[in-house]
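In terms of UniProt numbering, the sequence shown has 30 at position 30, counting the first letter as 1, and numbering is strictly consecutive.
Hints are computed from structural coordinates only; laboratory data are not their basis.
Note that this is a predicted model, so its numbers are computed, not measured.
Certain hints may be false.
Cβ-Cβ distance ranges computed for the label pairs, FRET-style [to be verified]:
no.	residue 1	residue 2	range
1	Pro104	Met131	24 to 34 Å
2	Ala163	Thr28	44 to 54 Å
3	Pro104	Lys260	17 to 27 Å
4	Lys260	Gln179	35 to 45 Å
5	Glu232	Asn121	22 to 32 Å
6	Ser222	Ser152	36 to 46 Å
7	Gly86	Ile125	18 to 28 Å
8	Gln223	Asp53	34 to 44 Å
9	Glu232	Lys260	17 to 27 Å
10	Asn154	Glu25	17 to 27 Å
In silico DMTMM-like links for lysine to aspartate or glutamate, alpha-carbon gap of 20 Å or less [stated by the list, open to error]:
no.	residue 1	residue 2
11	Lys204	Asp221
12	Lys2	Glu183
13	Lys11	Glu43
14	Lys150	Glu43
15	Lys58	Glu29
16	Lys204	Glu247
17	Lys129	Glu111
18	Lys2	Glu23
19	Lys194	Glu183
20	Lys224	Glu183
21	Lys60	Glu232
22	Lys150	Glu128
23	Lys150	Glu138
Quick reminder that beta carbons are idealized off the backbone N, C-alpha and C, glycines included.
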Amino acid sequence: MKYLTISPSSKLSGFVRCFWVLEDEVSTEKPYIHRVMPDGCAEMIFHYQTPFDEIFSKDKIETSFSSGLHGQSQNFRRFIVHRNFGIFGAYLYPFTLPLLFSMPSDELSNEMPDLPTLMGNEGKILEEKMMLAKTNEERVIIISAFLEEKISRNYRHEPAVFASICNIIQSRGTTNVQQMAEESFLSTRQFERKFKAFSGFSPKLYARIVRFQSALNMYGDSQKSLTKIAYECGYYDQSHFIHDFKEFSGQHPRSFFSGKAEGAEYRDA
1 MKYLTISPSS
11 KLSGFVRCFW
21 VLEDEVSTEK
31 PYIHRVMPDG
41 CAEMIFHYQT
51 PFDEIFSKDK
61 IETSFSSGLH
71 GQSQNFRRFI
81 VHRNFGIFGA
91 YLYPFTLPLL
101 FSMPSDELSN
111 EMPDLPTLMG
121 NEGKILEEKM
131 MLAKTNEERV
141 IIISAFLEEK
151 ISRNYRHEPA
161 VFASICNIIQ
171 SRGTTNVQQM
181 AEESFLSTRQ
191 FERKFKAFSG
201 FSPKLYARIV
211 RFQSALNMYG
221 DSQKSLTKIA
231 YECGYYDQSH
241 FIHDFKEFSG
251 QHPRSFFSGK
261 AEGAEYRDA
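Assemble the whole structure, with the sequences as input and the hints as a guide.
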């Protein structure tokens, strides 16, 4: 399995966290199951080799899109593929979505629309260009040009709420919401309304999702106990950590950090 991340240009770094690529050779006898975890950021996804099927239940599996958006989410989703695959992703701050799709971020929370449905003919053209590109280097150039043009055309200055969302991400979900509202010179209600429009969730839920993501990023550090991970990520205690982890991932953290969890193989790549 091959997994790598690519830094965006300086023009995009305030809106795109990174680009990433995931490739692997699989077969019908040994398919790959991927678990997409809740995340406070969104992703534009391009399956340039083989689309995945989404697993809704043991008896319900449906083919997913070739290209689309994974909106910021509070739920995990499971996917399976039986042939060699290649995925290119653009990992976006949630406040980038209104600039790209002309709708509040919260309208895309927990949603997974395909690009042609979301963007019409513009989405079809972008999908075709990304699929026909011969290398991932070409895909970076194509998607960067698209994002830079859309953002420069639609950008409106929103420093307070953008900074607040970034602060929660950088503090790994431990920032005080009341303090952020005061620093934004807004009432708590005004702040929460603006925050949800640009992040997709209330500040409290968003902080919980980001804190969960910070715990996921502890994967691979076998020297840390669940208790230590819990405290480092801002949980009250191990019980609080286990409760949130199971709610968001559908897995016990002990299983996830064992190195044998479903869909975690790319973290070892």
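Verification of the hints:
For Pro104 and Met131, the hinted distance range of 24 to 34 Å is satisfied, since their beta carbons lie about 29 Å from each other. Taken as a hint, the range 44 to 54 Å holds for the pair Ala163 and Thr28, whose Cβ atoms sit roughly 49 Å apart. The hinted range of 17 to 27 Å is not satisfied by Pro104 and Lys260, whose Cβ atoms lie roughly 40 Å apart. At roughly 41 Å, the beta-carbon separation of Lys260 and Gln179 lies within the given 35 to 45 Å, and the hint holds.
For Glu232 and Asn121, the hinted distance range of 22 to 32 Å is not satisfied, since their beta carbons lie about 47 Å from each other. Between Ser222 and Ser152 the CB atoms are about 45 Å apart, so this pair conforms to the stated range of 36 to 46 Å. About 20 Å separates the C-beta atoms of Gly86 and Ile125, a value consistent with the hinted range of 18 to 28 Å. Roughly 37 Å separates the CB atoms of Gln223 and Asp53, a value that falls within the hinted 34 to 44 Å.
Taking the beta carbon of each, Glu232 and Lys260 are about 23 Å apart, inside 17 to 27 Å as hinted. Range check, Asn154 to Glu25: about 40 Å between beta-carbon atoms, so the 17 to 27 Å window is missed. In summary, the hint linking Lys204 to Asp221 is not supported, as the alpha carbons are separated by about 28 Å, beyond the 20 Å threshold. Restraint check for Lys2 and Glu183: the C-alpha separation of about 43 Å exceeds 20 Å, so the hint is violated.
This hinted pair checks out: Lys11 and Glu43 have alpha carbons roughly 18 Å apart, not beyond 20 Å. For the suggested pair Lys150 and Glu43, the alpha carbons sit about 16 Å apart, so the restraint of at most 20 Å is met. Note on Lys58 and Glu29: the hinted pairing holds, with a Cα-Cα distance of about 18 Å set against a maximum of 20 Å. Restraint check: the Cα-Cα separation between Lys204 and Glu247 comes to about 15 Å, which is no more than 20 Å; the hinted pair holds.
The hinted pair formed by Lys129 and Glu111 fails the criterion: a straight-line CA distance of about 24 Å is larger than 20 Å. Pair hint Lys2 plus Glu23 holds up; C-alpha atoms about 5 Å apart against a cutoff of 20 Å. Only pairs whose Cα atoms come within 20 Å are accepted, and Lys194 paired with Glu183 is accepted, the gap being roughly 14 Å. With a C-alpha separation of about 35 Å, the suggested pairing of Lys224 with Glu183 is violated against the 20 Å cut-off.
For the suggested pair Lys60 and Glu232, the alpha carbons sit about 39 Å apart, so the restraint of at most 20 Å is broken. Taking the CA atoms of Lys150 and Glu128, the gap is near 18 Å; set against the 20 Å cutoff, the hint holds. Under the criterion of a C-alpha separation no larger than 20 Å, the hint pairing Lys150 with Glu138 is consistent with the structure, at around 19 Å.
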